[in-house]
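Order-wise, the sequence lines are chains A, B and C. Every position in the first sequence, counted from 1, becomes a number in the numbering used here once 332 is added. Every position in the second sequence, counted from 1, becomes a number in the numbering used here once 3 is added. Every position in the third sequence, counted from 1, becomes a number in the numbering used here once 4 is added.
It should be emphasised that the hints constitute simulated quantities derived from the structure, not laboratory data. On a predicted model such as this, the values are computed, not experimentally measured, just so you know. Glycine included, each C-beta is placed from N, C-alpha and C at the ideal position. Heads up, a few of these hints could be off.
[As the list claims (entries may be wrong)] Derived coverage of chain C by chain B (criterion: at least 3 residues anywhere in the stretch with Cβ under 8 Å from a Cβ of chain B; other residues may be distant): (1) 279-292; (2) 302-311.
[To be verified] Think about it this way: if two alpha-carbon atoms lie no more than 25 Å apart in a straight line, the pair counts; the simulated DSS-like pairs of lysine-lysine are: (3) B:LYS114 x B:LYS143; (4) A:LYS578 x C:LYS148; (5) B:LYS157 x A:LYS578; (6) B:LYS170 x A:LYS578; (7) A:LYS453 x A:LYS524; (8) B:LYS146 x B:LYS170; (9) B:LYS146 x A:LYS578.
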Amino acid sequence: MSSTIVVLPDQSTARIPKVNFITKENGILSWLLTGDHKRIAILYLISITFFFFIGGSLAGLIRLELLTPQSDLMATDTYNKVFTMHGIIMIFFFLVPSVPATLGNFLIPLMLGAKDLALPKINLLSWYLYMAAGILAIYTMATGGVDTGWTFTTPLSTHYVNTNVLTTGLAVFIAGFSSIFTGLNFIVTIHKMRCPGMTWFRMPLFVWAHYAASILMVLGTPVLAITIVLVALERTIGIGIFDPTKGGDPILFQHLFWFYSHPAVYIMILPGMGVISETISTFSRKRVFGYTAVAFSSVAIAVFGFFVWAHHMFIMGVSNYAVLVFSLLTMLVAVPSAIKIFNWTFTLYKGSITFETPMLYTFGFMGLFTIGGLTGVFLGASGTDIHLTETYFIVAHFHFVMVGGMLMAFLAGIHFWWPKMTGRMYPEKISQLAAVVTFIGFNFTFFPQFILGTLGMPRRYAAYPPEFQVLNVFSTAGASILGVGYLLPILYLTWSLKYGEIAGDNPWQATGLEWQIQSPPLTENFPITPIMDHEAYDYDWLEKKREKEVTLVG
Amino acid sequence: MSDSTRVAHGTADSLHTGGHEEHPAYLRHHFENVEQQADAAGFAMWLFLLTEVMFFGGMFTAYLIYRNWYYPAFVEASHQLNVVWGTLNTAVLITSSFTMAMGVWCAEVRKQAGLVLCLVLTFILGLAFLGIKTVEYKEKIEKHHVPGFHYSLKSFTNPQSDPEIYKEYHDKPLGVDMARHTEIYFSLYFAMTGMHALHMIIGIAILGFMIFRARAGAYTSGHVTFVENFGLYWHFVDIIWIFLFPLLYLISRHAN
Amino acid sequence: MSHISPVLWQFLVKWMTTFALFPPEASKIAPQMDALLFFMVLVSLVGLVIVILLVTTFSILYRRSRHPIAVQIEGSTLLEATWTIIPLGLFLIMFVWGALLYFRIYTPPANAMNIYVVGKQWMWKAEHPGGQHEINALHIPIGKPIQLTLISQDVFHSFSIPAFRVKREAIPGRYTTVWFEATTPGTYHLFCTQYCGTNHSAMIGDIVVLTPDGYKQWLAESTSGMSLAQNGERLFASLSCNACHNARPDARGPNLANVYGAKLALNGGGTVLVDEAYLRESILNPSQHITQGFAPIMPTYQGQISEDGVIALVEYIKNLKSDYRVEQTLNTTDLLPEGEGKAAPGSAAPAAASSKTARPETAPKGVVKP
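I would like the entire structure built from these sequences, with the hints used as guidance.
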């Protein structure tokens with residue numbers, strides 16, 4: 333028995349299907365004016381990768397500066413701009429759109445048996461808004477940057493810095509609308525465009541995860557938008573809404589800001605969790621254990637996620653009783669994530685497991701997200717938050733969940749669906765190597781930061797006391813390894829576009845509707861509307877279908 | 004299934020139930036039928052309006068908190084608004100919602116002339132609303148009640164300097180610290196009515212486009228989705244005003 | 005211990021403290037914080053090990069070459085319940101324990117010595133009641149509960165002492181408090197941990213913990229002039245507070261003796277506990293803080309007084325146990341030259357409002373007797 337589930341067509345005779353969504357129309361305008369969700373997903377993939385590398389370079393600069401205790405690589409003001417822009421670009425231009433706008437856009441209609449998303453023009457508008465916002469963000473960087481931190485706390489951002497707060501605010505505002513429209517599109521599609529027989533509980537868990545994330549996008553992002561408007565008004569004409577000398581309250585800003593920014597982290601992680609459900613099922617050849625629990629836990633995270641925002645404000649002088657409420661709710665929101673981890677683990681039980689690259693990233697996700705999520709509980713228990721907040725513990729916590737979690741899930745998904753999107757396989761050995769390198773580099777980079785945090789090293793420090801240097805050097809060393817781990821996929825995935833093996837419809841023998849059509853898919857996805865007459869992750873159905881299929885002619 | 008060279012439409016497929024009689028030009032190819040398309044569009048609009056509620060919600064939250072903290076300042080600042088103009092504007096908007104609803108009905112029963120008339124009336128009423136708002140804003144500018152632009156506390160530390168308003172309400176003079184908080188009231192006033200006016204302007208622009216298209220018969224041949232959904236948007240903008248009016252104008256209008 | 009060579013022992017100690025995972029425990033609350041942190045680390049470790057063990061075991065036992073046919077299992081309500089309830093239970097334990105810790109850190113004892121700290125870009129100013137001022141440093145004795153009353157002059161800052169395990173935001177516009185009791189003499193880090201602009205990483209200092217004798221010595225060496233309360237009295241006179249708050253029977257402002265800590269009846273109904281925050285608010289936003297029985301005529305001092313000045317006034321009022329000091333300011337005021345805006349007693353401008361009640365001999369007006 334081979335230790336891989338990959339089944340490829342005979343490479344000497346296989347060809348990429350002549351008619352597919354890529355070859356259907358030619359010319360740059362056919363891409364820039366497309367309504368095809370798959371083309372828009374590819375547009376997003378290219379732009380997101382571009383912004384990831386900008387954000388990543390900024391991270392490199394941060395780690396280089398932090399090699400030495402003094403602020404000697406760049407001026408302190410410059411360092412402040414570098415970490416601000418790193419946060420803004422990574423959060424708003426990479427993490428929030430990564431899985432939804434690339435994989436979600438590409439796959440949700442396919443998984444539901446639909447021909448496209450409900451609102452293709454809105455989908456394209458979403459990409460243009462993202463690009464406009466991104467270009468504005470780059471313009472901001474080029475013309476002096478902004479140094480308020482990505483959280484642009486008032487009154488610092490309204491009265492005490494003279495950097496490009498307004499242009500950055502505008503960029504984030506526009507990016508927010510891009511996000512809202514994506515989420516809106518997903519919700520309408522999931523409600524109204526499921527193919528016959530596709531009940532809610534026959535949908536892949538990837539779709540459930542995106543549904544939950546879309547609720548957050550749609551309800552939470554507008555609050556960020558209005559907060560940015562109010563900050564802009566306060567900064568320009570001084571309306572005083574957050575200014576204590578005029579009777580305003582800077583804590584009101586904190587409430588409004590975190591009301592979005594906490595759900596934002598769930599917007600970022602839920603789609604990644606959706607990917608993990610798909611990969612863990614495929615590479616164990618089993619239906620996800622506790623399908624209903626995983627589906628409901630996604631929605632539970634979305635709902636609870638709206639009620640915990642003030643755990644970012646425990647030491648800011650909010651009332652002790654408010655702290656009690658928010659701390660309790662934070663404990664509640666942690667439970668559904670734990671449920672998912674265990675359900676995924678038990679999906680492995682009595683499965684038939686192989687270790688292709690998406691599965692390696694999946695395992696990495698499970699370990700690192702567990703650590704990251706548990707350290708979130710450290711912070712949610714109000715008392716310990718007092719010691720740990722505003723230190724490198726927080727930095728380590730969110731990088732574990734976002735980079736160790738979300739980014740690994742994104743890479744798992746890119747590798748898993750690469751054959752579907754491009755018709756070609758990526759090279760397995762080097763991609764496995766890259767996954768391992770990334771995992772090692774990640775741990776070296778961010779685990780020392782937990783210790784720096786408990787030792788008390790504050791975050792956003794350009795210079796630090798010398799006793800913190802050893803751990804910082806470890807962290808920077810890890811970052812260079814991590815950089816290699818992220819560079820490799822760019823190289824070999826690009827290589828695979830020309831030289832990768834032909835994948836065929838279903839190289840992974842997976843059960844989703846997207847795997848029952850050609851790779852790459854036709855523009856209209858399905859020649860005839862599919863009828864969903866089996867449960868999700870039904871490997872018996874797949875087995876029966878394969879027996880009936882004719883694979884050889886003559 | 005993996006190598007189909009045939010580009011299929013849902014309607015050309017014999018498996019598709021009852022699909023071939025209805026394939027109007029406005030049916031987008033990714034929908035199975037017109038009902039699904041209209042359903043999806045309506046659902047999308049309701050969802051969008053929900054995001055708008057959250058958007059305005061941030062300002063309503065700020066209003067709630069500051070009114071609770073600085074009630075005397077809010078009362079006296081509110082007296083500076085002209086309740087006649089405000090009531091008139093409310094009547095104008097409610098009427099425009101009526102004309103818009105009539106327009107939707109006309110589209111549904113395919114009365115083209117009626118539809119155009121209703122859209123034009125809605126358009127005019129929308130402009131009337133903006134005109135009255137301009138008059139009100141102008142008044143505020145003249146009295147230096149615009150935050151950030153030479154904001155003046157005189158009307159609140161010395162209410163008698165404003166004879167018409169003083170005659171009605173006999174406001175007590177506020178201490179300087181409380182008078183300063185009227186600037187927060189006006190910040191919220193301009194932010195909320197300004198954001199509302201922005202939504203009105205966008206709505207009026209779309210109305211202009213719709214009048215043009217309605218005259219060409221675009222909405223009276225069975226495809227009423229655009230008019231219906233715009234109606235939803237227009238009613239939403241109206242409802243926001245219905246909340247803004249009492250909150251901003253009617254805080255405490257009895258004479259002292 | 006005796007058979008470990010002293011050299012090796014020194015090396016071990018240096019190695020342990022150089023590669024410490026936690027800062028030194030220098031306050032009474034630090035061991036309690038560390039206990040909860042340790043519990044959390046333990047629980048996390050156990051949880052992580054369980055997940056890793058399960059994943060590894062399943063991956064080995066059920067790898068394709070060994071277990072080619074997967075067995076489809078829908079789920080198990082029992083397991084779902086288990087891994088919902090156990091984590092929830094553990095998280096709730098952490099919630100309760102953490103909440104207790106939180107309340108303990110942010111509820112100062114009544115006998116705590118109060119030190120004011122004003123944060124501004126980019127330095128910390130500590131003001132001891134005795135008048136000692138420190139920049140980016142704080143000298144305190146062991147064995148005594150110390151409360152810090154924090155405020156910022158500009159943007160958000162955060163006062164952090166990792167060795168004590170305490171941290172509190174310094175916010176513009178309102179006081180925040182935190183308390184601790186130091187246990188071990190030494191010098192410990194003070195950090196600003198809320199990003200506040202260019203020199204955020206330079207806003208660091210030293211917390212110097214001294215023995216009680218050492219502290220007394222430091223106090224003696226560093227007193228420079230007036231205590232906070234004395235400074236406050238000077239301001240009380242120069243800002244003409246005593247024009248209305250002059251403890252006279254016909255005074256237009258309430259008597260301030262013993263008002264700190266009392267429950268005050270307000271003009272609009274309701275009562276309020278007079279603490280530092282209330283005193284600050286009543287100076288800067290008097291319109292909403294009128295004592296019952298008095299007219300709302302107090303002008304605001306917003307913009308005319310710095311946070312340091314407010315702190316001085318608050319300290320002065322806190323220490324007013326009788327009318328004596330206020331009456332002294334009236335005498336001093338008499339002696340001050342004309343034209344400095346002082347109201348000489350008896351020549352006050354006619355009152356705008358007429359509601360005045362006769363002042364009982366001992367109790368300050370408006371105070372609700374317990």
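- Item | 25 Å Cα cutoff - pair B:LYS114, B:LYS143 | Violated: B:LYS114 and B:LYS143 sit about 44 Å apart, past 25 Å.
- Query: CA of A:LYS578 to CA of C:LYS148, is that 25 Å or under?
  - Reply: 39 Å, violated
- Query: Straight-line Cα separation of A:LYS453 and A:LYS524 no greater than 25 Å?
  - Reply: This hinted pair holds, its Cα atoms lying about 17 Å apart.
- Query: How about the region 302-311 of chain C: do at least three of its residues have a C-beta closer than 8 Å to a C-beta of chain B?
  - Reply: holds (count 4)
- Is B:LYS146 within 25 Å of A:LYS578, Cα to Cα? 19 Å, holds
- Taking a Cβ-Cβ distance under 8 Å as contact, does the region 279-292 of chain C have three or more residues in contact with chain B? holds (count 5)
- Quickly compare the C-alpha distance for B:LYS146 and B:LYS170 to 25 Å and report which way the hint goes. 17 Å, holds
- Query: Taking 25 Å as the top limit, are the C-alpha atoms of B:LYS157 and A:LYS578 close enough?
  - Reply: Holds, because 16 Å separates the two Cα atoms, which is no more than 25 Å.
- Query: Taken at face value, is the distance from the CA of A:LYS578 to the CA of B:LYS170 at most 25 Å?
  - Reply: Violated - the C-alpha atoms of A:LYS578 and B:LYS170 are around 29 Å apart, more than 25 Å.
The earlier numbered hints that this structure contradicts are 3, 4, 6.
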